[in-house]
Amino acid sequence: MAHSTVHTDSAAHLVLSLSCPDRPGIVHAVTGTLARRGGNITESKQFGDSSTGLFFMRVQVLTTVPRVELEKDLAELAGEYEMEWSLDEVGRAMRTLIMVSKEGHCLTDLLFRARSQGLPVDVVGVVGNHETLRDVAEFYGVPFHHIPVTKDTKEAAEAELLGLVDSLDVELVVLARYMQILSPALCERLHGGVINIHHSFLPSFKGARPYAQAHERGVKLIGATAHYVTADLDEGPIIEQDVTRAGHEDSVSMLQAKGQDVERRVLAQAVRWHTEHRVLLNGHRTVVFA
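In terms of our numbering, the sequence shown opens at residue 392 and continues consecutively.
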């Protein structure tokens, strides 16, 4: 995004998120830097993890100082404290690519939320390994890209996908019931920028027919898990989970309907928190400033 280079009368509302090795004085240093630039902090949360020795912080600030000047100050601070950090506009719609296969419940939900401004995303495209959901994407005016995947074409398909990510300036990829496994190389290339929805309360019922498995076991709760994608299948850092009640009278189709409803909610919440810079990676876990 372009940075202003002159002072203006209107204040910019920015969000700063950061992580670094924990030590005394971090909060003072961050808030002091913002205060010296006339920043008015509107929201602040922080967490120190004694098990990893890392510190995490998210701050929203109103400021009339040109963003480029604030970024220069923060870069100096980051060097002193070994910080990983980002600064963005509060509420900016993140450029998002959604990937699908044949099930459309998550795609439809995300596109509706995006159109109704209920989710801060700018959906710049939908990628499907089948043509099944093209009409859904086109109904919402979103370009659909058919990238079929077979064992023999997987490498070429992923190269085409990366071409789209680069050409569309994609910031976030959402796997909305995309039923293909991403290669380790692709997971590494997009590290921290791909969210998947898993049709179960992990780690239960992996693989095919999860609701049939749940029905056979007579579960009383079914759920869904949204997580970042890593090379370890369905074992990436968890962002959000939720469950709903199930009963002995529920058929497989009833369980599936309940499960899909949870999937929609969980995925949308995970996407929202990510786009609002509320999720910070903490090894194999996440810190979520909800």
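Read the hints as simulated data drawn from the structure, not as lab findings. Yeah, the Cβ is synthetic: ideal placement off N, Cα and C, and Gly gets one too. A couple of the hints might just be wrong.
Stated by the list, open to error - In silico DSS-like cross-links for lysine-lysine, where the CA-CA straight-line distance does not exceed 27 Å:
1. Lys649 with Lys493
2. Lys463 with Lys436
3. Lys649 with Lys611
4. Lys545 with Lys493
5. Lys542 with Lys493
Said to hold, decoys possible - Taking CB as the label site, the calculated pair distances span:
6. Gly554 with Glu467: 45 to 51 Å
7. Arg656 with Glu467: 17 to 23 Å
8. Asp440 with Gly532: 41 to 47 Å
9. Leu624 with Gly429: 46 to 52 Å
10. Ser441 with Ala466: 41 to 47 Å
11. Glu626 with Glu473: 40 to 46 Å
12. Glu473 with Asp560: 26 to 32 Å
13. Glu607 with Thr433: 29 to 35 Å
14. Gln508 with Val643: 35 to 41 Å
15. Ser574 with Arg656: 50 to 56 Å
List, from low to high, the hint numbers that the structure doesn't satisfy.
Numbers 6, 7, 10, 11, 13 and 15 - these are the hints that the structure violates, sorted from lowest upward.
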